[in-house]
Amino acid sequence: MSAYDKVTLARSSSRAMGSFYIGQIIDDFVEFHGDRRFADDGAICGGVGLLNGEPVTCITMKRGDTLEERMARNFGCPSPEGYRKALRLMKQAEKFHRPVICFIGSPGAYCGIGAEERGQGQAIAENLWEMFGIRVPIVTVVIGEGGSGGALALSVCDSMIMFDNAVYSVISPEGCASILWKDSSKAPEAAEVLRLTAEDLYGMDIADVILHEGYRTEEEIAVELKEMLTKEIGKLKRLSTPRLLASRYEKFRKIGN
Amino acid sequence: MAETVKCKKCGAELAMDVLRKHKKICPCCGYYFRMTARERIDMIADRKSFKELDKDLSSYDVIRFPDYEKKLEKAMDETGEKEAVITGTATIGGYPCTLFVMDSAFMMGSMGTVVGEKITRIFEYATENRLPVIGFTCSGGARMQEGVLSLMQMAKISGAVRWHSNAGLLYITVLTDPTTGGVTASFAMEGDIIAAEPGALIGFAGQRVIEQTIGQKLPEGFQKAEFQLEHGFCDMLMGRMEMPKTLANLLALHRQIPEKERRNA
Ligand SMILES: [Zn+2]
Numbered sequence: 000m001s002a003y004d005k006v007t008l009a010r011s012s013s014r015a016m017g018s019f020y021i022g023q024i025i026d027d028f029v030e031f032h033g034d035r036r037f038a039d040d041g042a043i044c045g046g047v048g049l050l051n052g053e054p055v056t057c058i059t060m061k062r063g064d065t066l067e068e069r070m071a072r073n074f075g076c077p078s079p080e081g082y083r084k085a086l087r088l089m090k091q092a093e094k095f096h097r098p099v100i101c102f103i104g105s106p107g108a109y110c111g112i113g114a115e116e117r118g119q120g121q122a123i124a125e126n127l128w129e130m131f132g133i134r135v136p137i138v139t140v141v142i143g144e145g146g147s148g149g150a151l152a153l154s155v156c157d158s159m160i161m162f163d164n165a166v167y168s169v170i171s172p173e174g175c176a177s178i179l180w181k182d183s184s185k186a187p188e189a190a191e192v193l194r195l196t197a198e199d200l201y202g203m204d205i206a207d208v209i210l211h212e213g214y215r216t217e218e219e220i221a222v223e224l225k226e227m228l229t230k231e232i233g234k235l236k237r238l239s240t241p242r243l244l245a246s247r248y249e250k251f252r253k254i255g256n
Numbered sequence: 000m001a002e003t004v005k006c007k008k009c010g011a012e013l014a015m016d017v018l019r020k021h022k023k024i025c026p027c028c029g030y031y032f033r034m035t036a037r038e039r040i041d042m043i044a045d046r047k048s049f050k051e052l053d054k055d056l057s058s059y060d061v062i063r064f065p066d067y068e069k070k071l072e073k074a075m076d077e078t079g080e081k082e083a084v085i086t087g088t089a090t091i092g093g094y095p096c097t098l099f100v101m102d103s104a105f106m107m108g109s110m111g112t113v114v115g116e117k118i119t120r121i122f123e124y125a126t127e128n129r130l131p132v133i134g135f136t137c138s139g140g141a142r143m144q145e146g147v148l149s150l151m152q153m154a155k156i157s158g159a160v161r162w163h164s165n166a167g168l169l170y171i172t173v174l175t176d177p178t179t180g181g182v183t184a185s186f187a188m189e190g191d192i193i194a195a196e197p198g199a200l201i202g203f204a205g206q207r208v209i210e211q212t213i214g215q216k217l218p219e220g221f222q223k224a225e226f227q228l229e230h231g232f233c234d235m236l237m238g239r240m241e242m243p244k245t246l247a248n249l250l251a252l253h254r255q256i257p258e259k260e261r262r263n264a
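Read top to bottom, the protein sequences are chains A and B.
FYI, numbering that gives the first Met the number 0 numbers position 180 of the first sequence as 179, with every residue one higher than the one before it.
FYI, numbering that gives the first Met the number 0 numbers position 23 of the second sequence as 22, with every residue one higher than the one before it.
Because the hints were derived from the structure by calculation, they are not lab data.
All clues given are correct.
The list that follows gives simulated cross-link-like pairs (lysine-lysine, DSS-like), each with its CA atoms no further than 30 Å apart:
#1 Lys253/A <-> Lys73/B
#2 Lys185/A <-> Lys69/B
#3 Lys81/B <-> Lys47/B
#4 Lys181/A <-> Lys70/B
#5 Lys54/B <-> Lys244/B
Just a few of them, taken from the derived set where beta-carbon distance is under 7 Å, the chain B residues facing chain A:
#6 Ile62
#7 Phe64
#8 Met143
#9 Gly146
#10 Lys155
#11 Met188
#12 Glu189
#13 Gly202
#14 Val208
#15 His230
According to the in silico footprint, chain A covers these stretches of chain B (three or more CB under 8 Å from chain A):
#16 114 to 124
#17 147 to 153
#18 158 to 166
#19 173 to 185
Ideal Cβ positions, reconstructed from N, Cα and C, are used throughout, including at glycine.
Throw the hints in and build the complete structure from the sequences for me.
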């Protein structure tokens with residue numbers, strides 16, 4: 000399968016995303032709304048529930064299913080309020096000593112006048128800065144498209160699980176092609192050179208675990224994801240807080256040094 | 000004949016040496032020309048105080064991206080620099096600090112792994128030696144030619160900023176024209192004090208991309224330094240004429256008091 004085939008799969012409107020897996024894996028899930036500052040961003044949804052009987056905070060990007068819902072959720076492109084809601088829920092998790100699981104699948108941060116006026120850059124920056132200090136384990140699961148800084152704002156983690164048909168890129172292949180060759184239809188070539196597949200990220204020590212989807216149903220994949228999350232969180236819970244935070248920094252520190 | 004340059008704002012023909020003497024501010028209309036990293040360091044650091052660190056770190060084609068090597072060579076030839084950021088130690092008004100200064104002339108100040116590594120190292124150096132960091136940002140964002148490795152530099156630097164901050168040390172950013180994309184969405188916006196040069200373009204999304212997305216022209220002054228001040232995203236506008244003095248004053252106000260003295264106070 001080519002890199003662009005994976006981009007297409009990762010973006011596919013029929014692909015199960017974070018909310019589906021939360022439904023499959025997490026019991027008694029309760030959603031929380033709002034950033035307590037300005038609004039409730041539908042492109043990011045989060046709350047608390049049980050993973051094997053233990054409380055966890057889950058935060059996911061959300062595109063919605065119907066056209067109407069997609070418009071209401073900005074097609075899964077978070078606004079500053081979405082990132083601020085995510086940060087609020089992470090701090091809540093820290094207070095109640097429960098791990099955080101983030102699910103990634105979004106073309107990128109929302110691009111518009113209001114998002115700039117309310118500090119899209121600042122909101123993402125604050126998440127990056129704060130997440131290096133969150134004193135509970137953070138596991139990020141990349142399911143769909145990991146679009147640039149908008150995805151990174153939920154990706155400062157102790158362990159990254161990546162689906163083998165998910166992608167993660169500094170720029171969309173279309174954007175890259177139009178800069179490089181002034182022709183966005185050359186996106187497949189761009190996808191190849193950007194090195195955005197799960198194997199690429201695993202090879203660069205960015206992704207820690209790859210989940211091979213194979214020809215399985217999403218329900219079957221959810222069972223394996225649950226096992227992986229249980230294992231990763233179990234390992235991380237055994238670390239002391241100073242050790243956890245030091246190794247989180249070390250994970251990113253060694254990228255491209 | 001002396002080298003001349005035309006002011007983008009008022010159209011005046013200006014001799015380059017005259018312009019340099021005026022801190023690259025147009026004497027006719029006050030327009031701020033972009034400065035190279037070396038010009039910036041000359042302007043703000045005490046004479047002969049700057050000591051460069053990691054000056055030989057340079058990029059290579061990490062993911063074999065089309066034409067990247069050629070672009071790097073061209074940028075090196077044109078600027079005489081090895082990368083889009085210069086880091087080191089200096090004093091300003093006698094106060095010691097560390098500096099990182101980005102250079103928009105080098106591949107639009109884009110951030111790849113070497114830019115990320117140099118800035119991370121200066122924060123680690125500052126943390127070890129208990130020094131403040133003053134950073135001048137100007138960048139088009141993450142460097143596409145190094146793929147997701149560039150993107151991850153945003154996180155890596157943010158981690159280094161966080162550990163520097165945990166040590167109780169000061170970080171000042173001065174946002175200069177243009178500060179956009181992944182740099183805005185990481186270390187540019189993480190300063191304890193965030194200043195901006197008047198008129199600088201500062202934002203996350205590029206203006207053309209926003210215009211295409213919303214299908215309308217952007218209002219006058221959108222994403223300018225003044226706009227960021229008005230919306231609460233920077234502490235002050237910092238003009239070039241008063242910049243060394245203001246920075247020295249901020250360093251003085253945050254002077255590190257040895258712990259012994261603090262306990263006795
Ligand atoms: Zn002028």
